[in-house]
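J.: With the hints as your guide, set chain R onto chain H.
There are 2 protein chains.
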Amino acid sequence: MRNSHKHFIEELGEVGLIERITRRFKASNEAVTVGAGEDDCAVIDLRSAKTGYHYLVVTTDTVQSSTHFPSGISPFQMGWSAVAVNLSDIAAMGAHPFAFVIAMGIPEHTDTDFLDALMAGIEACASAYNVVVVGGDVTKSKELILTGTCFGFVSKPVKRSTAKVGDLLGVTGRLGNAAVGLKIIEEGMNFSDDLKVAAKRALFQPIARVKEGIILADSGMVTSMIDISDGLALSLAELGRRSHVGFELYKEKVPVSSNEVPLELAIYYGGDYELLFTLDAGISEADLKRLQDEVDMSIIGRAMPQEAGIYFREGTSREAIAIKGYQHF
Amino acid sequence: MRNSHKHFIEELGEVGLIERITRRFKASNEAVTVGAGEDDCAVIDLRSAKTGYHYLVVTTDTVQSSTHFPSGISPFQMGWSAVAVNLSDIAAMGAHPFAFVIAMGIPEHTDTDFLDALMAGIEACASAYNVVVVGGDVTKSKELILTGTCFGFVSKPVKRSTAKVGDLLGVTGRLGNAAVGLKIIEEGMNFSDDLKVAAKRALFQPIARVKEGIILADSGMVTSMIDISDGLALSLAELGRRSHVGFELYKEKVPVSSNEVPLELAIYYGGDYELLFTLDAGISEADLKRLQDEVDMSIIGRAMPQEAGIYFREGTSREAIAIKGYQHF
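Protein chains in written order, with the numbering used here: chain H, 1 to 329; chain R, 1 to 329.
There could be a bad hint or two in this list.
Put simply, identical chains are the same to the list, so a pair is met inside one copy or across any two.
[Claimed, not checked] In silico lysine to aspartate or glutamate, DMTMM-like type, Cα no more than 20 Å apart, as pairs: (1) LYS196 <-> GLU319; (2) LYS142 <-> GLU108; (3) LYS140 <-> GLU10; (4) LYS211 <-> ASP296; (5) LYS6 <-> GLU108; (6) LYS6 <-> GLU123; (7) LYS140 <-> ASP230; (8) LYS50 <-> GLU143; (9) LYS324 <-> GLU11; (10) LYS164 <-> GLU30.
These are computed hints drawn from the structure, not numbers from a lab.
All figures in this text were calculated on a predicted structure; none of them were measured in a lab.
With the rest of the complex left out, here is chain H (with noise of 0.2 Å):
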């Protein structure tokens, strides 16, 4: 009985699958001069859409069936981690995001509801940081595939190369909730009630740290930004990489939501859309108090010489940290 209220993106032809897509993404911004779907591309008016920022920030990432989504999510979160994975990026660099076009590869047997539901997630994701979607693309694939690209705009950006030694470490938010949400569905790990709701969320429905990335930019005391999408040690490995050096990291001071969460999720896996930063080694006790009430972080180790290479401190006792986590190939 239900099958025969369905209706399918086939039947609606392209250009009613495209009117459809694009009357749930009328701009509503005055920068925004040609928006989704009404030309062949979208014009920002670049005076009146970022006055004062030097810098366009550019970022490309792809979620889709096969790889990134897990068993259970929803459409709706789809299209919201869609937009959140490249909302992370712009964040990381302490840039304010902009606008944001979509590029959609659909199953031809997709019913309109799915579609409306993930149209749905991608646009509330999107609105909820003040991002315009300006324009996209539809096109029949094998199997549910979405590449957005998120732009912005900013003064100074926060470069992965710049962190020195001396600096403090910082992370924001609480780690290893994604992980655990994984655990969860493809074990059937068992963890307590409110854990269970906050893992599937981060999991399913990531926040991105935009405003902590623009607060910790703008106080001027961040020498090197980088979101660790791909789990905390890879991240740090990266940042170490980019900005020769190496980092020491204190086990404790790791911020998880719950005593709950192994270590070992928190540090090696994946999913965690939080921001590793740097701070200047010179900040005053104030300024990092001022910082740490506006911002959820937790300061869990310093930036070493290169050659200490990057490892846990316990007293006098070191433990190189394993470089792995979350590699799609």
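T.: What follows is chain R alone, placed relative to chain H:
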């Protein structure tokens, strides 16, 4: 024997794969502060990128194995096409393309020679148009799927919605070659050797009319523009719908590369990356002549009141043009 020398991308690991790709795309433009693979985002210095242009234009377009690539296309040409289809959209705004990001979904068991050729094609097309590849993403997917996003700058974007009744209708280049190429491949149709070569080139390695778009826009005489990758008939319909005009078309003026090309293929099939545009009715003979000296173009019709519809005109007789062409769904 030959297989013993093949290497597959899964042997590289994600880090090795990304390094192999980003080595290829070292930015050589001073406005690109952070280029491909270096950080969470690419960073473009707006002050030195395109001083004096007020608008940023953005477009995204996907090409993929199951629906876009004709049989016989090489990996180099696949890469080339992924860039060219995006450049064509930039061209249709009369804009200067500047930077490009590419998200690649690649099947696991792809050999590294294939990947290298794909990247060479991307690089060759971008370079041919002075476009910098500033970023990208690689994921494992069931089929080869390439989503490009291109950015450019323009002072006076030429839209689809601004054609006026009485305007001349023009088109660049020759139509139908890509369709002829497809007919050769899919139906074994036979044509002269010259046309075969031109047709396959149009299909496999399309040229984007970037220079032509800029010259047309800068002439100040162009009132609207669109690319005709979905076919002339569909593009006419879209231009008419957006501008609230109709069009009359003169069959004998539709430019084809030889009289072997069936007019049907020049009008109702997609794949020609030419520009369709309108010229102000008040353009002088001398200005039109000058424009025609600079741009390979043909005047093929005229904008009419919307209620007149879209039709062929021969003497006093009219024949409605079917609104059909290439649709993905």
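J.: Tell me, in ascending order, the numbers of any earlier hints that this structure violates.
T.: 1, 6, 8, 10
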